[in-house]
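Participant: Chains as they are written, first to last, in numbering that gives the first Met the number 0: chain A, 0 to 307; chain W, 0 to 281.
Derived by calculation from the structure, the hints in this document are not laboratory data. Watch out, some of these pointers could steer you wrong.
Claimed, not checked - Computed footprint of chain A on chain W; a stretch qualifies when at least three of its residues, placed anywhere within it, have a C-beta under 8 Å from a C-beta of chain A:
1. 87-93
2. 104-110
3. 135-143
4. 172-179
5. 195-205
Note that this is a predicted model, so its numbers are computed, not measured. Note that CB positions come from ideal geometry on N, CA and C, so glycine has one too.
This is what each chain is made of:
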Amino acid sequence: MSQTLDTPRTPAPAQAPLDAAALAALHGLSVSNARPSLPQYVRQLWARRHFITAFATAKLTAQYSQAKLGQLWQVMTPLLNAAVYYLIFGLLLGTSRGIDDFVPFLVTGVFVFTFTQSSVMAGTRAVSGNLGLVRALHFPRASLPIALCLQQLQQLLFSMAALAVILFCFGVPPTWSWFLVVPALALQFAFNTGLALVMARLGSKTPDLAQLMPFVMRTWMYASGVMFSIKQVLPEHGVPQFAKVLLECNPAAVYIDLVRYALIDSFDAGQLPYGVGAMWALALGWAVALCVGGFIYFWKAEETYGRG
Amino acid sequence: MADTLIETPTAPELDEIHEVDETDGETRTPTVVADGVDIVYRVTGTGAGRGSATAALNRIIRRKKHAARGMREVHAVRNVSFTAYKGEAIGLIGTNGSGKSTLLRAVAGLLPTENGRIYTNGQPSLLGVNAAMMNDLTGERNVVLGGLAMGMSREQVRERYDDIVEFSGINEKGDFITLPMRTYSSGMAARLRFSIAAAKDHDVLLIDEALATGDRKFQKRSEARIRELRATAGTVFLVSHNNKSIRDTCDRVLWLERGELRMDGPTAEVLQEYEKFTGAGK
Numbered sequence: 000m001s002q003t004l005d006t007p008r009t010p011a012p013a014q015a016p017l018d019a020a021a022l023a024a025l026h027g028l029s030v031s032n033a034r035p036s037l038p039q040y041v042r043q044l045w046a047r048r049h050f051i052t053a054f055a056t057a058k059l060t061a062q063y064s065q066a067k068l069g070q071l072w073q074v075m076t077p078l079l080n081a082a083v084y085y086l087i088f089g090l091l092l093g094t095s096r097g098i099d100d101f102v103p104f105l106v107t108g109v110f111v112f113t114f115t116q117s118s119v120m121a122g123t124r125a126v127s128g129n130l131g132l133v134r135a136l137h138f139p140r141a142s143l144p145i146a147l148c149l150q151q152l153q154q155l156l157f158s159m160a161a162l163a164v165i166l167f168c169f170g171v172p173p174t175w176s177w178f179l180v181v182p183a184l185a186l187q188f189a190f191n192t193g194l195a196l197v198m199a200r201l202g203s204k205t206p207d208l209a210q211l212m213p214f215v216m217r218t219w220m221y222a223s224g225v226m227f228s229i230k231q232v233l234p235e236h237g238v239p240q241f242a243k244v245l246l247e248c249n250p251a252a253v254y255i256d257l258v259r260y261a262l263i264d265s266f267d268a269g270q271l272p273y274g275v276g277a278m279w280a281l282a283l284g285w286a287v288a289l290c291v292g293g294f295i296y297f298w299k300a301e302e303t304y305g306r307g
Numbered sequence: 000m001a002d003t004l005i006e007t008p009t010a011p012e013l014d015e016i017h018e019v020d021e022t023d024g025e026t027r028t029p030t031v032v033a034d035g036v037d038i039v040y041r042v043t044g045t046g047a048g049r050g051s052a053t054a055a056l057n058r059i060i061r062r063k064k065h066a067a068r069g070m071r072e073v074h075a076v077r078n079v080s081f082t083a084y085k086g087e088a089i090g091l092i093g094t095n096g097s098g099k100s101t102l103l104r105a106v107a108g109l110l111p112t113e114n115g116r117i118y119t120n121g122q123p124s125l126l127g128v129n130a131a132m133m134n135d136l137t138g139e140r141n142v143v144l145g146g147l148a149m150g151m152s153r154e155q156v157r158e159r160y161d162d163i164v165e166f167s168g169i170n171e172k173g174d175f176i177t178l179p180m181r182t183y184s185s186g187m188a189a190r191l192r193f194s195i196a197a198a199k200d201h202d203v204l205l206i207d208e209a210l211a212t213g214d215r216k217f218q219k220r221s222e223a224r225i226r227e228l229r230a231t232a233g234t235v236f237l238v239s240h241n242n243k244s245i246r247d248t249c250d251r252v253l254w255l256e257r258g259e260l261r262m263d264g265p266t267a268e269v270l271q272e273y274e275k276f277t278g279a280g281k
């Protein structure tokens, strides 16, 4: 087939007197695909808040819609998860030594850590797993990791309801301090979202991270005192001081300890590695640092998402 | 094509500067200006077997290096320039793989250009709402989700919900809008998608082969809706392999072949050449 090209016939005589850039400028056209400024970006994101919440809820509902038990799995999944950890670490390995109320201690740890874990995992795939959406529609891309973290937050609410029942069954009395869970989890949510934004950008460039992250997250979980008490176990094994500080200040451990402190009666201030005020300061510091840093880091690559 | 492009003096947009064309005195407002656009895809995963794992590692380690091994460049669009005006419906034709969809995505600002620039009026939207929809959710919830994804407010979605459902005709044969989308036939799903996307007023609407699905009756209705959008809003771009639907809706056609703009002109003229080229006749 012959491929001789006709010279493109230009029907728009307007191109003759003006060049494209000048013509565009004259009529106030803007370059498509330019990154908005940070305040603009925040405004755009705020304008899309209904999309973000609708997307999160839709994801959550779609998750179990094919299962026979349907939304019951929202509560069953965390309960089964806790049961497995109890079987292994409580009954078989006996890491419960020296911990009062081991089951509430463990289950709280598992649920709180799962919140961060699933947020990070979802964040890693937020852009790379939704390329179709990114390539088809215009919206601030940060909507995706934020919506997915919101979905995890909704999931956490189901876990918390299950936790309340477990605490009650194991004779932990409800007190006013239970309400401290709300600020603790709010800070954790901010932390998770920031981390998910960072992971979303990394994951969009290197999708392989999604394969790697489960191992990283599992290591992090074992290091965060989910199924043992960092304070009691580490000195027995002669762990150097800097490692102990590192483990105790790691954000997952901080949020877990704060929630335990709020919920479990026997987990008093003596169990915390630092004073109550210091713990809250740490929780706030991590949340603000990740939330702001992660957001800016994600925004910096806004125009590149969905490429390639 | 001149008569559709003349702006009456009573046009509501008073703040717009109109360019007076010296040759035939028309007043036209450009909505999309493409200036020497080149688009290059970089494709990984073409590594032909040998040492592909190490090649991958290599790629990750020195990502900054240009065109690492196992990476291929595909030059999808080459030096395309055109200016689209308000009130135009422009068809994009060309054989498969000629860069039509790529060019649309770039106009929508969803693909970065390698060289050249694309200037647009407002935010062109690609009729791609399907990406936001979830098969496990009911049609009802998808209408809301899709509307929000396109940037409509909750109130707008609520207002237009009935129109969207009615236009899609999903409920003509029973209460199907409350069923999960996975139970829909592909035609039904496509109709719902188009209905959602067309519910919003767009400055520049880009449609990629959306009219290929659905029965003839629905196609007619969609074409009418496109003409309506054109009248109220601005510019419509339509990618299609259906020459008839191009002829029915467009007044100007861009013909892309191998990423190059081969012809740009009134529908009848370009289609005639194109049909000669593809040997399709009528």
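Participant: Would you mind marking each hint as holding or not holding in the structure?
Facilitator: Now the hints, each set against the structure:
1. 87-93: Violated: only 0 residues of the stretch 87-93 of chain W have a Cβ under 8 Å from chain A.
2. 104-110: holds (count 7)
3. 135-143: With 4 residues close enough to chain A, the hint holds.
4. 172-179: With 1 residues in contact (Cβ-Cβ under 8 Å with chain A), the coverage given for the stretch 172-179 of chain W is violated.
5. 195-205: violated (count 0)
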